[in-house]
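Chains as they are written, first to last, in our numbering: chain A, 9 to 311; chain B, 11 to 271.
Mixed in with the good hints, there may be bad ones.
As the list claims (entries may be wrong) - Listed next, with one range per pair, are the computed distances between beta-carbon atoms: (1) A:GLU163 x B:LEU158: 47 to 53 Å; (2) A:PRO63 x B:THR183: 35 to 41 Å; (3) A:GLY48 x B:ILE35: 38 to 44 Å.
Stated by the list, open to error - Pulled from the structure, derived: some chain B residues nowhere near chain A, Cβ distances all over 10 Å: (4) LEU41; (5) THR108; (6) PRO116; (7) LEU117; (8) PHE153; (9) ILE180; (10) VAL215; (11) THR241.
Please keep in mind that the hints were generated in silico from the structure rather than gathered at the bench. For glycine and all other residues, C-beta sits at the position ideal for the given N, C-alpha and C.
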Amino acid sequence: MNKIIDIQHLVKQFNGFTAVNDISFSVDKGEFFGLLGPNGAGKTTTIRMLYGFSPPTSGELHIFGMDIRTDYRKIKSRIGVCQQDNTLDPDLTVEQNLHVFAGYFSIPKKEANERTRELLDFFALRHKKNAKVMELSGGMARRLILARSLINQPELLILDEPTTGLDPQSKHQVWEKLENLKKSGLTVVITTHNMEEASRLCDRLIIVDHGKILVDGSPEDLIERHAGHNIIEIEGPDHALVEYVKEHNIGFDDLGRRLILYETQEKDLNHTIQEQFCNEKCIYRNSTLEDVFLRLTGRELRE
Amino acid sequence: MIDPKVFSWRFLRVWKRNLVVYRKIWKVNFLTPLLEPLFYILAFGLGFAGLIDNVHYGGSDFSYTTFIAPALIATAVMWNAFFETTYASFVRMYYQKTFDGMLATPLSLEEIIIAEIVWSATKATGAATIMLMVLGLLGFIQFPLGLLLIPLAFFGGLAFGAIGMFFTGITPTIDMFNLPIFLFITPMFLFSGTFFPVSNLPVWVQPAALAFPLYHLAELARRFSIGTNETAPVISIVYLIVFFLFFTILALGRMKKRLIQ
Chain A
9 MNKIIDIQHL
19 VKQFNGFTAV
29 NDISFSVDKG
39 EFFGLLGPNG
49 AGKTTTIRML
59 YGFSPPTSGE
69 LHIFGMDIRT
79 DYRKIKSRIG
89 VCQQDNTLDP
99 DLTVEQNLHV
109 FAGYFSIPKK
119 EANERTRELL
129 DFFALRHKKN
139 AKVMELSGGM
149 ARRLILARSL
159 INQPELLILD
169 EPTTGLDPQS
179 KHQVWEKLEN
189 LKKSGLTVVI
199 TTHNMEEASR
209 LCDRLIIVDH
219 GKILVDGSPE
229 DLIERHAGHN
239 IIEIEGPDHA
249 LVEYVKEHNI
259 GFDDLGRRLI
269 LYETQEKDLN
279 HTIQEQFCNE
289 KCIYRNSTLE
299 DVFLRLTGRE
309 LRE
Chain B
11 MIDPKVFSWR
21 FLRVWKRNLV
31 VYRKIWKVNF
41 LTPLLEPLFY
51 ILAFGLGFAG
61 LIDNVHYGGS
71 DFSYTTFIAP
81 ALIATAVMWN
91 AFFETTYASF
101 VRMYYQKTFD
111 GMLATPLSLE
121 EIIIAEIVWS
131 ATKATGAATI
141 MLMVLGLLGF
151 IQFPLGLLLI
161 PLAFFGGLAF
171 GAIGMFFTGI
181 TPTIDMFNLP
191 IFLFITPMFL
201 FSGTFFPVSN
211 LPVWVQPAAL
221 AFPLYHLAEL
231 ARRFSIGTNE
241 TAPVISIVYL
251 IVFFLFFTIL
261 ALGRMKKRLI
271 Q
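Chain A with its partners taken away, still in its complex shape:
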């Protein structure tokens, strides 16, 4: 039994709105699992059900083989949660934040001190241990939240948009730490809007929209299946090109001023387009998870 999370037909409704609509998935031990989707797709709602914050309307949710409805306390003592909002305690110092949090898990004082020291070192926050939380930069605060979520040595780490709003340096530093944790065999569930982050970290991911799972697979698989190998972006496409593309059954998105072609393996086609249809500007690039995401969830704004 290697399943850390097992979700079957999970549904969450509030005030007549169905935020999560019958989703099922499981996460294996040691897996780095991504939960992707546009705003309002039901990611955070799912995550909140995972850590026992909000009760499911129907369906089954088991973590470590235990039911979240009845064994939430046991489950919560074995998971770490990094929430989307900054929930650090501004009344406490950096070090106290870890100490006091260890108390909520009933970790003995001596052990709490040791772990606090280790985590402050690991996240390069030792020099700030007596600082107030308000004085921390965005990157440091985020690292402290991560450190705090590891205070109980969790077997499952839940991260809700861990790098949103961080500058590139901080973001990469967080990624590096997460990769270290991954190497140590920790099971992680992450939600993110950052496709680079998802491709880099996740072994497997699902894309959800309107409370439903659209696809499930490894980042490479999903790219291969839904966005081909390469992408050609053509600015100012003429009518002939659109006709040609339709005729040859090539996957494309027409954005008006810009045409995006999802290129198959046939090199000839690629060549033809390059020779005949590239009037203004053409970009040839590798397909990314972002292409998959936009193709599956659409390009219109959500909020």
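Following the hints, complete the assembly by docking chain B onto the known chain A.
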């Protein structure tokens, strides 16, 4: 209705968190209860007492300052506990998202709420103890009987903490606390037999005063410090227990509705 499994001694961890924060600014926290009774005794004792003869209360006559001294402790308990579970808890819940962070740990929401109420009672007890020492030194409290005011402060703090928490569960914004303060706390502060005996009020309003928890707390405070009262202590004790339980249950329900979706 409420699953007993949601309660455990773990709530003391949240209480401890508040203690850690309190100790950081303990000097400020000590100053108010130290000075407040002095101001009142000075104002009412020197400025006011000359206008008033002895107060007839519970079958005996007392100087005006002796009469109000125990009530000052009772009102301090009310203000301290009520402010803690309204403004302070609201800031923790709404602005600091402290409760959200706690809910990602094995703590239950019920434990967090209970801890907040118990903490408010603790803070009220701290303030009452300091006031007791000041008023004791001034000779307004009989010892050792007066020491019973310390557990009484905790007991009364629970009642006012519970109703404060209930208001935190229903108030949409922090400014709206003005409403319960002006419509409930202030009239209670004035008409609970604090500054004059309830028996001085017209007969038809007396039952209204008896419905105030502060009346019962002030009654018990006088019983424990000057040794007399108007209403049987057992009635006051039962009233405060029922009041505490009633508003704790209501507060738990409202907070659950507010925070858990």
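Each hint tested on the structure:
{"no.": "1", "hint": "A:GLU163 x B:LEU158: 47 to 53 Å", "result": "holds (50 Å)"}
{"no.": "2", "hint": "A:PRO63 x B:THR183: 35 to 41 Å", "result": "violated (27 Å)"}
{"no.": "3", "hint": "A:GLY48 x B:ILE35: 38 to 44 Å", "result": "holds (41 Å)"}
{"no.": "4", "hint": "LEU41", "result": "holds (19 Å)"}
{"no.": "5", "hint": "THR108", "result": "violated (6 Å)"}
{"no.": "6", "hint": "PRO116", "result": "violated (5 Å)"}
{"no.": "7", "hint": "LEU117", "result": "violated (5 Å)"}
{"no.": "8", "hint": "PHE153", "result": "holds (36 Å)"}
{"no.": "9", "hint": "ILE180", "result": "holds (18 Å)"}
{"no.": "10", "hint": "VAL215", "result": "holds (43 Å)"}
{"no.": "11", "hint": "THR241", "result": "holds (40 Å)"}
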